[in-house]
Amino acid sequence: MAETELTVKDLISDTKPTWCPGCGDFGVVRALQTALAELNIQPHDTAVISGIGCSSNLPHFMTPYGMHTIHGRLLPVAMGVKLANPELTVIGTGGDGDGYAIGAGHFAHACRRNVDMTYIVMNNQIYGLTTGQTSPTSGEGHTTKSTPGGNIEPPFNPIGVALAEGATFVARGFSGDPKHLQALVKRAIQHKGFALVDVFSPCVTFNKLNTFKWYKQTIYNVNEPPKDMDIEPHDPSDRARGFALSFPGQDRIGYGVFYEETGKLTYGEQDPTLHAGVNPVHDVKPRDVRALVEAMK
Amino acid sequence: MAETELTVKDLISDTKPTWCPGCGDFGVVRALQTALAELNIQPHDTAVISGIGCSSNLPHFMTPYGMHTIHGRLLPVAMGVKLANPELTVIGTGGDGDGYAIGAGHFAHACRRNVDMTYIVMNNQIYGLTTGQTSPTSGEGHTTKSTPGGNIEPPFNPIGVALAEGATFVARGFSGDPKHLQALVKRAIQHKGFALVDVFSPCVTFNKLNTFKWYKQTIYNVNEPPKDMDIEPHDPSDRARGFALSFPGQDRIGYGVFYEETGKLTYGEQDPTLHAGVNPVHDVKPRDVRALVEAMK
Amino acid sequence: MDTIIRVGGSAGDGVASTGQILARAFSRLGYHVNAYNSYQSVIRGGHVWYNIRVSEEPVESIGDRIDVLLCIDHQTAEVHAPLVAEGGVVVHEASKVDLSDIKLPKGAADIGITALEAAKEIGSPLLANVVAVGAVAHAVGLDPESVRDVIQAQFGRKGEKMVEMNYQALDKGYEFASQVEPIRKHGRVGPQRALIPGNEGIALGAMAAGLTFYAAYPMTPASTILHYLAQVGPDNGVVVKQMEDEIGVVNATIGAAWAGARAMCGTSGGGLALMTEAIGFAGMAEVGLVIVNSMRGGPSTGLPTKTEQADLWQMLGAGQGDYPKALVAPQDPHDAYLAGIEATEIADRYQMPVFVASDFYLSETSMTLDKELPPVDAIDRGAVVEKKEGDFLRYKITDTGVSPRSIPGTPELMFIAASDEHDEDATLISDVLAGLPNSLKVRIDQVDKRARKLDTLLKELPAPEIEGETGPILISWGSTAPILREARRQMAKDGVETRQLTLRWILPFHTDAVREMLEGETFYVIEASSSGQLEDYIRMRTGLWATGNVRRYDGEPFTPGYITTHFAPLVQEVVA
Amino acid sequence: MDTIIRVGGSAGDGVASTGQILARAFSRLGYHVNAYNSYQSVIRGGHVWYNIRVSEEPVESIGDRIDVLLCIDHQTAEVHAPLVAEGGVVVHEASKVDLSDIKLPKGAADIGITALEAAKEIGSPLLANVVAVGAVAHAVGLDPESVRDVIQAQFGRKGEKMVEMNYQALDKGYEFASQVEPIRKHGRVGPQRALIPGNEGIALGAMAAGLTFYAAYPMTPASTILHYLAQVGPDNGVVVKQMEDEIGVVNATIGAAWAGARAMCGTSGGGLALMTEAIGFAGMAEVGLVIVNSMRGGPSTGLPTKTEQADLWQMLGAGQGDYPKALVAPQDPHDAYLAGIEATEIADRYQMPVFVASDFYLSETSMTLDKELPPVDAIDRGAVVEKKEGDFLRYKITDTGVSPRSIPGTPELMFIAASDEHDEDATLISDVLAGLPNSLKVRIDQVDKRARKLDTLLKELPAPEIEGETGPILISWGSTAPILREARRQMAKDGVETRQLTLRWILPFHTDAVREMLEGETFYVIEASSSGQLEDYIRMRTGLWATGNVRRYDGEPFTPGYITTHFAPLVQEVVA
Ligand SMILES: Cc1ncc(C[n+]2csc(CCOP(=O)(O)OP(=O)(O)O)c2C)c(N)n1
Ligand SMILES: Cc1ncc(C[n+]2csc(CCOP(=O)(O)OP(=O)(O)O)c2C)c(N)n1
Ligand code: SF4
Ligand code: SF4
Ligand SMILES: [Mg+2]
Ligand SMILES: [Mg+2]
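Residue numbers (my numbering), protein chains in the order written: chain A, 1119 to 1415; chain B, 1119 to 1415; chain C, 55 to 630; chain D, 55 to 630.
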């Protein structure tokens, strides 16, 4: 990987993003491009895997290898990619509906499995591509096309689930705070193990409630809380407090690093086949099964 | 419901349980039968909905209405039943594979949705009916048919997920502690809202690790911790501590009531149609749609 | 005489809302209208157009030409100008469109408007569309009063000021266009007509038939059923639920149906794939529910906002094993209403899954109704037992295939509905009885009993009939049928007589009747599937080979011109 | 000359392990063996039996009679005694079985044993099965040495003491039976044979062809592939992963395949239903993977431990829209090995999903191999591009339908594999291009290109051939074929000559060849489906109507006797 130093430009593809002007996802793709460039991870050594949704169009706007899969399934696909070729840097990118509604089962299991990959969720608290229905992270009372009388379900708590399931890096960013987000994504990619980065990434077209402005007023950095909140900065090694902070407090919602645990073996490090040094991509070759047949005599 | 007083016998069907002698699930069906009898909830007013697995055979051994659905889907089915006829007492019963592997997505969403029902998971940390593969709650290192070299995934944490998702009653029982279990199930049924009862229910045939004896040595009642552990009794209104206790501590695993929250509106109470007094079963009738057509002119 | 207006621009330009005002102006004047919204799977920036065809006669397709084209952006001019008819009119937003290198047809008039600028002057850039509406309305010969009527209906609630500004914008549009002659005059031709998309038709039918539960997960082109029912459900006794995924959707619907609701769910191909396991469960447990599958361009995510009819095999092959399911494919919104009623009733009475097959074109295209929607007078819930009398056998072997059922909550009639094979009394045979001599018979009897439902149902259903007197038979299903009808009429004018067969009920299928109709005949299959799924299905049912076919799978709806153009060489082949 | 042994008891009695010792004793003596394990979906208490048929000739079915029946419980005597042949032997555990009211056939000997008691005396009740094995081995004329050989192979690792106790138990069994005459003598007839179930056959074939990734979620009757590969994978370069559900399974497999592994997954009908959406995605994104579908009694959970062949339409209809997929159905474990190789290679080379269809009977029945398993010499990964030379178009339109692909990790050849429709360069056309004139052609070209894969592949595949010289043609697929072969042989002895056609490749299908074969012929379809899925499929492909059929759907495997009995009246009909 000691190839030429990368710049952000090397990560930008010829396909012009199709997002609405002002969409929060622009900030996310930029953060990811910047992080990869800074880490000098070559596009051909990277696989960006997405689901379906506005946010899931992201891989097309970057130069790495990528898959734009089906709704809710990026995590198992990404896991398959990583286990097949542990040399690749694997990044999952999708939406809140994709990851927390239809993908919720895979999400919980990916968190406990600790496959070495980064999962970035562009959480706009709405279904963008399908033109504005309730998402699992929509707030109570939110009126949408599917809940014209107001949403009656409390929001899905991805940070809490990730903590419960033992994910080793659990964080939240905001696409309106690009510096913080870029650093966060970089740290997530560097993290050995499964890293969740939930990003508040406003949908300027269908979510008139959770706007950039609203987020700016509502969210606070848990690791550097504002003075007026009068709470201690959060230490990412404290999972129990991370959990407590995953719920809104004083009407405010936290972002930052909720939990980080280093040193835990990844799934790939423990898999007996991979552990034996096999690379399932490079080691595709005819196999002599005679001894196996012999054992069945 | 002021019908004749029920006894446990009224809840026992003619179908003899097909479980292996000694299976933990015997204790669970008995606890449920006892709870329903004590609450005097008539079998015809009750629907017991299960998935697929040894544990999911449970409804056949009881007299209420029931559905023995497909693997992992009992929660949405049960929700459909409850929303269609809020007069029914709805109980979901299934296994750890059913609920936490293939059913994990529905599980997380059911927890936040607060439909008024009870969900009892017979958690034997193994796949019984399919003859002994790793389940999501199997411990690390457990050697099973699908992990002959030892399981390399940390166990799924249902208590933690339920807490993260805002479930209003979150508890764990043990089929080797029948009195406690019966009281727990009764309390869960009485609870208004979604109640999870994860029950350690040993598989005597395929799980030689997590046996009755092992559980007796390993688990402790979080609400009445043994003196030697030197910890405070857990107060079920403290969600953050409930979360901390959902992980093993001092090599021991907690059971009891992790969280209870009363007064929260159920899903059914908030649904605009049900709120208007509609019963979707009794109110099936021809509907005059002329005004709706008129509105489209 | 029909008139076709097309409005084009980029996503976010308000193309659809512009088109809707015009479409509604016509339907409220009593015209028949077909209003097709063509868009792409992107929220902003993609190319969008809205096609409005109106006539005093029923309109059967979007047509093949444009009389008045409104270009909100330049791409619209490039793409659609070639379709403008001789003597047509092109209205364009002069600030964005440059017609200098666009070839317009002979005698076409060209109206440049500066709608945006005008709108800003009036007070809001959002009014630009109404300015454009005014210009188009003039060109197409609509009285300003008829458009004002729509504006009043649409914006009345937002206050007088709002309405007044819209009127100003409208007048400005008329003014822009005043120098050209309207292509013809459109005045009142009858009472107001309702303008209904296929999805709303299905929803209305289901509600008429007593629907009380609807679940869905958003997916184009089924989402509008969810939106519509979420809006009107609470006042019409329907519980409406968006679930976490389509697996949750179908299973919640099964739960509701088993509990005794009349229950429906809706999705498109990808969601249907996820539902198939549970649909088989409903087949086995004998729970009646309706599944609306609105097809779109596949495979996989494919062309999510384009039309296709290529989920036939997916529906037929849904779930493992053999079990009965029904499948009806309506052809227009009126028929969708009827299918909504029939599917809801049959699911409940026959205790089995029933598919309503729609497609992007039918689901989202607004069409006027040419007949009243017949009301439902009474509900027949089928073999529901309300009181215990003698033995209650939930899965009793019957001649009709339908067994008595009880509604949970009824005393003494409890049973367990299982996905495993079971006997008449609902006791499993999969666990300790399977394979034993008695159970072999139980199994066979239950399989045969379930299968008999389709035989019984078939007797209720009218056999399809051939339209037309002579010539080869053109077969289609669903939304293709009306378009084909118009195409046949055109061909007849050119001296090519044909007949038409529409396969409305795919399952159960009138095999004998259809085989008899087709035996020895020349027949063609017209469908929106590249592999020819319907053609394969017809061959499977009848053993007969089609003489040829017209298939479309580029995502665009059929038009009469597409069919006649592609059919012409086929007939020649046969003649030659 | 064949011999049939059946062991019956209740679940938990160790019926299968008892049977396996006997089966292995024969295969190690060089006999051909078919060892079928019949059980129910319950862990303890259900009725279980294990059928071992051995012969010096290849064994093609479980047979229709029993020579030696071992009754571990009373129910076994009730259920199976009627099948005992004249001159057969019934061994029974006297403490549990009372033969007094069981009618045994003429000349059948009856051996009462008290295996449990004897086992306890020797030191462990677990040895009871080995005592019973001894008694059966004597009755069937097996030398004790040949059984000791198996015991040594099986328990050797557990220490000498263990082996010694087993030997004692075995001797005790022989002693119990010593008063009866063995039905015949079975000594060495050749070198040891491997005894392999169909599932292991598929797994071995896939490994031979370079499999490096396998994912599954447990589901009978596919689970044993998971168990087997979990065991041998780490030493043979295969990553094996049990996922959280079948959706996770197929998507992880797709991820691995796209990354460049040779990847396979396995399931049964219910799991397959959940996989269908992603299989369509693989079709669209052109990712090659193998999906093993082992069919069981449906619909839904159905009869989970019984056999059926009724997922044909589910596989054919998997996922929305039209896309190419292949489907091969092996007929025995040796063929399963070959199909494992072919499927693995074709998936990779043609970049598309390939189904291997098995069923409960084939997947779990251990059969000896009558031929060596051919090794794979080299791997052809198809159109893999390793270095950029000129433009790289991942979805290039080609004559074969196969486009060049790059393996992630290769510099300069990056691309995005999408589930949306796309152009040659992998750029989406669904978002801002769909519907525009150029994109219509792009769409059609991509659909047609993908479809061409099946035409290209068909040319590689041998057309099916008719076996036999004269008489009506009997058609089957999968595991039914060998059974049908034996049935035909029996019928031939009775003077009814027939021919046989086995449809191994269902997709792509040799339509022309098959149509030619069947045109004007009398043909019958023999299949384990109540609706006649294969018969429907044949009609769909050829337009030809079968003269009749034999269908079985009670969950039991076909036997020659079942086929001949049900076929006889059909032939008479035709003759009459
Ligand atoms: C199985 C399936 N169900 C539904 C859809 C339709 N669909 C496409 S995107 C989407 C949700 C989009 O929301 P989100 O994941 O939050 O992404 P966003 O567009 O907001 O970025 C849905 C429901 C689909 N493609 N596949
Ligand atoms: C879709 C699907 N996949 C797999 C199966 C096979 N299956 C049946 S039960 C079961 C798991 C049983 O484990 P658990 O839910 O823990 O129940 P237990 O038997 O241990 O009580 C599985 C995988 C199935 N029936 N359906
Ligand atoms: S609809 Fe919302 S999420 Fe989608 S691109 Fe536009 S702003 Fe972004
Ligand atoms: S296998 Fe295990 S879970 Fe199943 S019935 Fe037996 S003891 Fe219970
Ligand atoms: Mg979103
Ligand atoms: Mg379990």
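Rather than coming from a laboratory, the hints here were simulated on the basis of the structure.
Model, not experiment: these values are computed from the prediction.
Any given hint might turn out to be false.
Which chain C residues stay away from chain B? Per the calculated CB distances, all over 10 Å, these [stated by the list, open to error]: (1) E235; (2) Q246; (3) R316.
Distance ranges between label pairs, derived from CB positions [what the hints assert, rightly or not]: (4) B:D1132 to A:G1259: 45 to 55 Å; (5) C:A505 to B:D1132: 51 to 61 Å; (6) D:P429 to A:A1394: 42 to 52 Å.
A partial selection of chain A residues facing chain D, derived with a Cβ cut-off under 10 Å [as the list claims (entries may be wrong)]: (7) T1152; (8) L1193; (9) N1203; (10) T1249; (11) I1337.
Every residue gets a Cβ at the ideal spot worked out from N, C-alpha and C, and that includes glycine.
Please flag the earlier hints that this structure goes against, numbers listed from lowest up. Violated: hints 2, 3, 5, 6, 7, 10, 11.
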